[in-house]
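Given the structure of chain V, go ahead and fit chains H and A onto it with the hints provided.
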Amino acid sequence: MSHDGHHAVVIPAPGPEFLPHTVAHHFDTPVQEFQSMKLGFWLFLATEILLFGGLFAAYFYYHEWYPETFKIGGQQLDWKLGAINTIVLLVSSWTMAMGVRAAQTSQKQKTLVFCGLTVLGAVIFLVIKFFEYKAKTEHGLFDFTQMFGAYDLATGQVPWFTDIHNVMVDHTGAPLPHGHLFFAIYVTMSGIHGLHVLIGAGLILWIMKGTAKGRFHAGYYLPVDLVGLYWHLVDLIWIFLFPLLYLVP
Amino acid sequence: MSTNVPAVDLHAAPTGERPKNYLNCTTSFMSWAGTLDHKRIGLMYLVGVSIAFLCGGVFALLVRIHLWEPHGMLFSNSGYNQLFTLHGAFMVFLFVIPAIPASLGNMVLPLMLGAKDVALPRLNLLSFYLWVGGAAFATYSIAAGGFDTGWTFYTPYSLYTNKAVVSIGLGIFLLGFSSIFTGLNFIVTTHKLRAPGMTWFRMPLFIWALYATAILQVLATPVLGITVLLVAFERLYHIGIFDPRLGGDPVLFEHFFWFYSHPAVYIMVLPAFGIISEMVSVHSRKPLFGYKLIAFSSLAIAVISFLVWGHHMFTSGQSTYAMFAFSFLTFFVAIPTAIKQFSWVATVWKGSIALNSPMLYTLAFLIIFAIGGLTGIILGALNVDIHLHDTYFVVAHFHYVMMGSIALAFFAGLHHWWPKMFGIMYNETLAKIAAVTIFIGFNATFVPQFIMGSQGMPRRYATYVPEYAPYHQASTIGAIILGSGVALMVFYLLASLFTGKKAMVNQWGGVTLDWHTPTPPPLENFETPPVVTHEVYDYSTLDVETTRTPLR
Amino acid sequence: MSAHAHNDSGHAAGGLQMGHHHVSSAQMFTNVLVALLILTVVTVGVSRLDFGAANMLIAMFIACVKASLVMAFFMHLAWDTAINKIVFLSSFLFLSLLFIFTLADSATRRVDHHANVIKTPVDKQWVHPAALEKH
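Protein chains in written order, with my numbering: chain V, 5 to 253; chain H, 190 to 741; chain A, 441 to 575.
These aren't lab readings, by the way, just hints derived from the structure by calculation. Misleading hints may appear alongside valid ones.
Each pair of labels, with its calculated beta carbon distance range [what the hints assert, rightly or not]:
hint	chain 1	residue 1	chain 2	residue 2	range
1	V	138	H	520	29 to 37 Å
2	H	247	V	148	39 to 47 Å
3	V	148	H	652	41 to 49 Å
4	A	540	V	148	32 to 40 Å
5	H	509	A	491	26 to 34 Å
Selected chain A positions facing chain H (in silico; Cβ < 7 Å) [said to hold, decoys possible]:
hint	residue
6	520
7	521
8	536
9	537
10	540
11	549
Values in this document were obtained by computation on a predicted structure and should not be read as measured data. Positions of the beta carbon are idealized from the N, C-alpha and C atoms, including for glycine.
Isolated chain V, as found in the complex (with noise of 0.2 Å):
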């Protein structure tokens, strides 16, 4: 960039563990900077909630012309396992907020810890969804294998929804509308959640990298606080995503 005439501004370091911060150029004050970024964010966050939203939209479309099929399909789902993810992200959520406290206390030591079991959380989330994945497919309701295989038309059958142990029945024992729907979009809601805790953990990792360095402290917190938003956001798009497709039915 060329020389302005304008000083840079600069937040200087609360102590010699820290590093001092420049206010980008084309901002006059640090207020100025923080203030937009934060602004911007939550524009971003409010993206998400629309994104997600047309899944949610999904769902209750068709919870209302297949009452039974999720119903029942949502009863094939482990809640105690869902409740343990709900808590785990609760708890997350709860370490992060201390987080981003720690950072604006400018404690580096704590900031680096909550981090840590932040991501510990994630860790655990991302390991429990494995296992109930694979509980679906060893109970025969999935088979990721075949999921670019090509649909039988007449049978309407879906190739990676394999139901061998027929369970998608109503009470008098007929297969349900469409059994694999439920399925379908509870793989795709909670697997592009999945994608964002994954993200979210990422992130945090990168904030621990520059806590480490020092970068955040009372004066500038400001990445760790929007990385923390990030994941409220997560954890608030699973308050929903739980009670819908594990507790409802």
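This is chains H and A only, laid out in the frame that chain V set:
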């Protein structure tokens, strides 16, 4: 306006050393490819969307030539399907949606606000590369077999057709995020980076328009994102969400698609309204009539646009009660739109009108948009639309708004800010000729389409019964005239970059902050940060000397 | 980029550099977590009982309460600027438009998907041809 911007030094020795501006301050490839400057990003976007526009125009000409004869002159039926899909997809996603905000908006918004740049310059660059990625996917999709679903990708056909639907879908996903991030950036910039003294009601109306557009970009586009993602998943994994054979509902696809695509048409047109607001004021040298009305009507249009999407689906099989609701709500959008139209006309009334090329496009807009908007209301009437849906009446309506209004507003803005962007003026005589040619060609193309549409000629048909042939042929002749006008415009604009005369410092006598920077602006936009002390369209502050003075 | 360290004169180093920022107390965070966990237990418990169509509403209501706690306290919205609140809450508002119109369309379409029957507004019974063959 600003009272402390230094005047151009008219008496500096003409040493042949050109002053440093954003174009020549650095010249390496990476200084452009990795630039964080909004003006350079705006220029790169301009190049990109212009290429997309010209490609889309070529597809359009091929369509019109094919339709010269009732049995179709050039292509097979399936080839024709791919051709109109390409025309629509390129025009809508690669040109009309991004063009004004990303090219002119990027260039002008920070200048008008008195800011050094947008709030999030790196995000701005990312937006640009997402656009490029989307364009790359679109181009790849042509090579990989094309797509023949229409730009609307309705299921179930888009699920079954053995074409490159997934890759164009992913391209649209990238383009969607490009649009979202641009909107996000503009909202933050408008809130946080206004110059001291610039209250909300001292902002130029182009900013209000871009702000309302940005709200739509941020709130509506994610739903398009999830829709194309679900179509891709449906094609790849057969989830059954839109596929009726698997229990899905194609009408749900339409709901999702139009939840975005109706606000999308306002993403397209609101920036155009913003440009027209600026044009009618500057080129009649008169403050806007009804400034606050125009500002609030932009917001009103943005909100109402979320309530009416079902009017694209009147023959789809949705419930009758939903159709009543959508049709009723559709009429409301006419109110803020009409407020704008009347305010613009009232602005021009008894103003000191300069009939230069931007103003010619603006006046053309006022006429063409009246027709485009009103025919939209006709289509909003449920009982009438049952007959007109999927006919050429609809095609003519949306071309009146998209081509005749939005593209013409884009041309107006392009000509208006050309001297600011490059410090060069184009050949005004050729510009006037092109503008008139475009106006005549445009109407000649689409008036026959209104007529044959009302007589039942369906859209997206590769062949037709011979009784419509005179209309099709008239339309094709019109398209050729229109194309010539556009070609002429491209010619003299490009030529001006090499042989154009130096522009004046303030070519048109504008008083918004963008005309208070040097021409072309330096990298940092303003030598000293401006302070706003006057109302926005206060022409009494116009420094006529600067206006008449050419650049060194 | 030429720069020399430039303190906002008159401000002490540290948090005041960026204006007054509310730092939540650890106790408050813990209280919110406890509330969330309790509500989770409630959600699970209530789901064991069957209220019929109200199941969905009750579950969603409790989820909304939990979400509000996360938004207000963990995400700090309660102490944030008005525009940030408006931005985030309006996303839910516009999303609800998608829900309302789409579900209203589906609910008023008067199609019985199992029996393949479409009831027209004048209640003439129309039976899908495929269903006819089964009889």
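A quick look at each hint next to the structure:
1. About 55 Å separates the C-beta atoms of residue 138 of chain V and residue 520 of chain H, a value inconsistent with the hinted range of 29 to 37 Å.
2. Checking the proposed 39 to 47 Å range against residue 247 of chain H and residue 148 of chain V shows it holds: the Cβ atoms sit about 44 Å from each other.
3. Hint check: residue 148 of chain V to residue 652 of chain H, Cβ distance near 46 Å, so the stated range 41 to 49 Å holds.
4. Between residue 540 of chain A and residue 148 of chain V the beta carbon distance is about 36 Å. The supplied range of 32 to 40 Å therefore holds.
5. At roughly 32 Å, the beta-carbon separation of residue 509 of chain H and residue 491 of chain A lies within the given 26 to 34 Å, and the hint holds.
6. Given hint, residue 520 of chain A at the interface with chain H, is violated; its Cβ is 14 Å from that chain's nearest Cβ, farther than 7 Å.
7. Interface restraint check for residue 521 of chain A: the shortest CB-CB distance to chain H comes to about 9 Å, outside 7 Å, so the restraint is violated.
8. A least Cβ separation of about 10 Å between residue 536 of chain A and chain H goes past the 7 Å threshold, and the interface hint is therefore violated.
9. For the restraint placing residue 537 of chain A at the interface with chain H, the shortest Cβ-Cβ distance is roughly 5 Å, inside the 7 Å limit, so the hint holds.
10. Violation of the interface hint for residue 540 of chain A is found here, the shortest Cβ-Cβ separation to chain H being roughly 10 Å, above the 7 Å cut-off.
11. At a threshold of 7 Å, the smallest CB-CB gap from residue 549 of chain A to chain H is about 4 Å, leaving the interface hint in force.
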